[in-house]
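Use these hints to put chain X onto chain U, whose structure you have.
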Amino acid sequence: MQNKLPLYIFLSLIVLILLAVTSLYMGVYEFEKHSFLEIFVALWNDDNSIPASDKFVLVNLRLPRIVMAILVGSALAVSGTCLQGMFKNPLASPDLIGITMGASLFAAISIVLGSYIKPYIPEFFHFSMLSIAAFIGALLTMTMVYRISTTNGKTNVIVMLLSGVAITAMAGATTGFLIYLSKEEQLRDLTFWNLGSLGGASWTKNGILAVIILFAFSILITKGKALNAMMLGERDAQHLGIPVEKIKKRIVVLTALMVGTCVAFSGTIGFVGLIVPYILRLLFKSNYHIILPMSAIFGSILLLSADTISRTIAAPSEIPIGILTAFMGAPIFIVILIRSKKSL
Amino acid sequence: MLKACKISYSHKKISILENIDVTINYGELLVIVGPNGAGKSTLLSMLANEMAHTNEPILFKKKTFEDWDQKELPLHKAKFSQQNIADIPLTVMDVVLMGRYPYFNSIPHQSDVDAALKSMAETDVVALKSRDYNTLSGGERQRVHLARVLTQLENDVENKLVFMDEPLNNLDVLHQHRILHTVKNFSERGNTAVVVLHDLNLAAQFADSIVLMQKGKIISHDKPEHVFTKEIISKVYNFPCTICLNPVNQNPLIIFGT
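As you go down the protein sequences, you meet chains U and X in turn. The opening residue of the first sequence carries number 161 in my numbering; numbering runs sequentially from there. The opening residue of the second sequence carries number -14 in my numbering; numbering runs sequentially from there.
Bear in mind the hints are in silico, worked out from the structure with no lab data behind them. Everything numeric in this text was worked out from a predicted model, so none of it was measured. Certain hints may be false.
Using 25 Å as the maximum straight-line C-alpha spacing, the simulated DSS-like pairs for lysine-lysine come out as follows [claimed, not checked]:
#1 X:K215 <-> X:K200
#2 X:K208 <-> X:K(-12)
#3 X:K56 <-> U:K406
#4 U:K445 <-> X:K202
#5 X:K202 <-> X:K(-12)
#6 X:K56 <-> X:K46
#7 U:K314 <-> U:K409
#8 X:K114 <-> U:K164
#9 U:K314 <-> U:K164
#10 X:K103 <-> X:K114
#11 X:K(-12) <-> X:K47
#12 U:K406 <-> U:K314
#13 X:K200 <-> X:K(-9)
#14 X:K202 <-> X:K(-9)
#15 X:K202 <-> X:K(-3)
#16 X:K215 <-> X:K202
#17 X:K220 <-> X:K202
#18 X:K(-2) <-> U:K314
#19 U:K409 <-> X:K56
#20 U:K408 <-> X:K56
#21 X:K48 <-> U:K406
#22 U:K314 <-> U:K445
#23 X:K(-12) <-> X:K215
#24 X:K(-3) <-> U:K314
For reference, chain U alone in the conformation it holds in the complex (with noise of 0.2 Å):
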């Protein structure tokens, strides 16, 4: 099974960039005269024969976001994969555990704190800002509760979980006290967080966060060995050379970066971190050296999928996708918690 990894990559590579072409068509607006092949030449030509509209839609509204919903989607999905194997449990994802509440509190302090010096920098910077608080938001709260939970490298799942609600409970709070103070542009922005939407997309958001996931991807996405050996315990897989705590660093702070920059760029979107490695534990079985890089690219399909829908379903007004999310997340964890009901 380990030898057709590079064929189930091509295969589901193949998947996204069909439904990446498909939602491109998708949409309230409509290209009627011109195919997108002409659209592209033209704009390479720098020739008028295109409306400005025709253009403006696909460079700077489909695109970007198409392009946003592969990214987070992908970096969501290797996070809770990531998670998960360090803390030995398919229930550790970002949401479930506090992280992307954490991110988002700190995202909305930044907001709100930010708001008074946003119009003296460069809106590179203010991105950056947002990202920063969110990644430090999101590192502390993983930090926060892998120490509640995890004694001798074993993992306490309920404390685990629970952490996760007092951490959403004190976030939710929170944010709740800063829109109770914020003004109505800050608001806006604050509401936003909380239901989740790739509605923001842009170049420079793509830039960053292109720049963040492939940092991350190239260190974490070859650690399937070594989360595999995990299973068996931290001890018996440092005996077969893995050096266990080094991995664990690392996971925390690249899921921590790859979660805040989501939540800065696109909200709390929640349960991708749950939803896909669930469904390639169903194909793939807890093989981590295959799920870990097949998360990359079912986290891409599954968020652009939900993101067509969602701007598609109720044309011309949008839904929040974080309510899709979360309306295929939440029955999975039901499941996943009915079967590890003994173990738990």
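Using the frame of chain U, we list chain X on its own:
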């Protein structure tokens, strides 16, 4: 091979090991025995470099573990631990192949698969190859992990070292003997094995030397016939016993309760 001086360990102010000195030679099968709570597993963990300690360093092939190249070390030593029967949602083959992780990067070579199959044959789990690990019984799981540990040391390195913490738990008589024969074979090829056992008669039959522990101290470290005497054993285990010669193989035979 392995030299440790003045090992002490305490947990929450309760002393578990006190000033233990051990030297283990090349080609030796050393068995650690002792009543419950004697510190056998803790000593094994210490020797296998699982726990941080502040005492004098443990020397493995004249080098401290810190001086070893961490990629090289797994080819020289392996450890079988008492399993707390964690669920591993993989096939048996996948679990055994983990023992070959130090040898391949992403896809196992044919030599790795062969090595895994060879060790699986030794612990009699080849037939379970494509079963789900989670559907196995306790004894079968034990044998799968033994195969994994054995396959980790399946290489051309000379003088390897294996630690085994109660490898015979849950095993039937046939497999108990098979495993010990495999370990004995391993040590006769110039390798070293350090094994914690509960069955004194099996220890007497297979061990080159015995470490008898009680309350965190080594009471006796010697050949089986010197350690297994009526006085020492009945005193350490606090239970009357008789020791005679096993009529078949001339090893000490310990009969308790008489």
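Tested hints:
1. X:K215 <-> X:K200: Since the Cα atoms of K215 (chain X) and K200 (chain X) sit roughly 19 Å apart, the hinted pair holds (cutoff 25 Å).
2. X:K208 <-> X:K(-12): Status holds; Cα separation ~18 Å.
3. X:K56 <-> U:K406: holds (14 Å)
4. U:K445 <-> X:K202: Roughly 46 Å separates the two Cα atoms, so the pair is violated.
5. X:K202 <-> X:K(-12): With Cα atoms ~17 Å apart, K202 (chain X) and K(-12) (chain X) stay inside 25 Å; holds.
6. X:K56 <-> X:K46: holds (16 Å)
7. U:K314 <-> U:K409: Distance of about 16 Å is within 25 Å: holds.
8. X:K114 <-> U:K164: holds (19 Å)
9. U:K314 <-> U:K164: With Cα atoms ~33 Å apart, K314 (chain U) and K164 (chain U) exceed 25 Å; violated.
10. X:K103 <-> X:K114: Judged against 25 Å, a Cα distance of about 12 Å means the pair holds.
11. X:K(-12) <-> X:K47: holds (8 Å)
12. U:K406 <-> U:K314: Given pair K406 (chain U), K314 (chain U) holds - Cα atoms ~17 Å apart, limit 25 Å.
13. X:K200 <-> X:K(-9): holds (15 Å)
14. X:K202 <-> X:K(-9): OK: K202 (chain X) and K(-9) (chain X) at ~11 Å, within 25 Å.
15. X:K202 <-> X:K(-3): Holds. K202 (chain X) to K(-3) (chain X) sits at ~18 Å (cutoff 25 Å).
16. X:K215 <-> X:K202: Satisfied, since the Cα-Cα distance of roughly 19 Å is no more than 25 Å.
17. X:K220 <-> X:K202: holds (14 Å)
18. X:K(-2) <-> U:K314: This hinted pair holds, its Cα atoms lying about 23 Å apart.
19. U:K409 <-> X:K56: holds (19 Å)
20. U:K408 <-> X:K56: Measuring from Cα to Cα gives roughly 18 Å; hence the hint holds.
21. X:K48 <-> U:K406: holds (23 Å)
22. U:K314 <-> U:K445: holds (22 Å)
23. X:K(-12) <-> X:K215: Not satisfied, since the Cα-Cα distance of roughly 30 Å exceeds 25 Å.
24. X:K(-3) <-> U:K314: Holds - the C-alpha atoms of K314 (chain U) and K(-3) (chain X) are around 19 Å apart, at most 25 Å.
When the structure is compared with the earlier hints, violations turn up for hints 4, 9 and 23 and for no others.
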